[in-house]
Each structure stands twice: as C-alpha cells, then as structure tokens.
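Using the sequences and the hints, build the whole thing.
There are 2 protein chains.
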Amino acid sequence: MSTIHRFIGEKNDFNWEGVDLTVFDGSDGSKYASRRLLITEEREGAKNFVFRYFKVLPGGSSTMFDKHAHDHGVLILHGHCKVKLNDQEFHAGPMDVIYVTPNDVHHFIVEGDEPLGFLCVIPNKKLLASR
Amino acid sequence: MSTIHRFIGEKNDFNWEGVDLTVFDGSDGSKYASRRLLITEEREGAKNFVFRYFKVLPGGSSTMFDKHAHDHGVLILHGHCKVKLNDQEFHAGPMDVIYVTPNDVHHFIVEGDEPLGFLCVIPNKKLLASR
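Chains as they are written, first to last, in the numbering used here: chain A, 1 to 131; chain B, 1 to 131.
Please note that the accuracy of each hint is not assured.
Stated by the list, open to error - Mimicking SDA-like on lysine to any residue, the simulated pairs with C-alpha atoms at most 20 Å apart in a straight line are:
# : chain 1 : residue 1 : chain 2 : residue 2
1 : A       : K47       : B       : L77
2 : A       : K125      : B       : G45
3 : B       : K125      : A       : L128
4 : A       : K11       : A       : K125
Read the hints as simulated data drawn from the structure, not as lab findings.
Written as structure tokens, this is what we have:
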C-alpha cells in the first residue's frame, strides 16, 4: 500500500514517522553506524528495492571493505566522507550521488566533525536470488 | 563501473556533473517538469534500479493521474507539494519519504512559491519485463 513517512528529524540526525532505528555494534565491521529502514518489502510491500538511511558518527565508517553481489545507489544527505571503491579513493559531500557496482569493494569513512548521513538503495534480495 | 556524480546545483535547482537535463513539454500530462537521470543502466550499468531527480516549477505538477505497473520510491529534496494517491490526498515537504505501490494512481502538485525537487527511484524496466 502506498505510504508516506513524514520527516521528523533534525540537522545531522534524520528520522521519520513509523521508522525504527537499528544501532550496529560493530560486529559487522562498521564503526559508530546506525540505520533506519524507510521502504521495505516487509512493511510497505516493496518488491523491487529497499530505501535505507544510514548515519555514521564522526570517527566512524560503514562496514570495512564491504563486497557483495548487489549494487548500491547512494545519495549523501549530510556530512562528508572519504569513499574507497576498489583502488579509487575520493571525497564526497551533501547531495553527491554514488553508484556502487556489484562486487566492488566499498568503504565510507566519515570526514570532519559532523555525522555522515546518506540514503542507500539496494535491490530487494529475494529478487536478486530469483535470477 | 562504480561512479560518482558530484553535486553542482543550487538551492531549489539541483544539478550534478555528468548528468543531462530533460525538460518535458507537457505532452506526457506533466506541467513545468524536468528530469535528470542520476543512475541508469545505459550509463552506469545499473541493472536493478534507476535514480532520477525531478524538478517541478511553481504552478506545475507531475504527470496527471499517472498509473503503471512499476513502483516509486520518493524522497522530497526541496519545496512542498500536494500528493494525490488514489483517493488519498496529503501534503509533503523536504525529506518526507513516499512509497507509491504499483498501479496506484499518483499525482504530485507543487504548493507554494518554491520549485519542488525530489528523488524518484524506479526498478529497471527490463527487470520488470523479465518477470
């Protein structure tokens, strides 16, 4: 069913109505990272893609040297980071768009004193498994 | 190949390096609308989803009573709108997230004096056709 999740967040700490917070303990190789699932199959019935918001605190990073069969579409929403993609390395900031190809090693490392926040879209994993 | 499109836009007029503008003439039922394709299969090789930025000027709207087999994941980036979804009607603004289910009639109508800008993600249509 079509749904709206209203924004109820603040600068550098985004939040939406009807959306839970998952704080990672670092066992996945991330540091100071949390996630809010915005559009999912389980809740919204979305069969094709998943919308996730990640927040990473200063000094932290996404999962180190992450690599998998699904791709990522990323839109940086707040803060700055260093992005490592295979052998490339570059800086990214608000509203930059990054596409991470399947099986590319990727790592987002916070730069500066502000939390990093980004939208990260992935395909529905059931869909991937069916191919 | 993994790609970054750096943000080179301004307030209420977003733009990215390496991304073209398509201005719609209204023959699709939209009014004062334009689009920038951010992540595509043709350019980035993205097989699962497409990232698009739409800008609609004050007084304008997305395609009227649009309805189709693919779903939309929407993140409002700037401006305000009225959203019509089947028989529902509500207001949306910056950072609100909207999921539009397949085959739901939808129409985004700009409210106020600022251009509306939103990210709209759709599944890759080849992927949909293959199911």
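Checked hints:
1. A:K47 <-> B:L77: Given that 20 Å is the threshold and the Cα spacing comes to 24 Å, the pair is violated.
2. A:K125 <-> B:G45: Satisfied, since the Cα-Cα distance of roughly 18 Å is no more than 20 Å.
3. B:K125 <-> A:L128: holds, 15 Å
4. A:K11 <-> A:K125: The given pair, whose Cα atoms are some 31 Å apart, is violated under the 20 Å limit.
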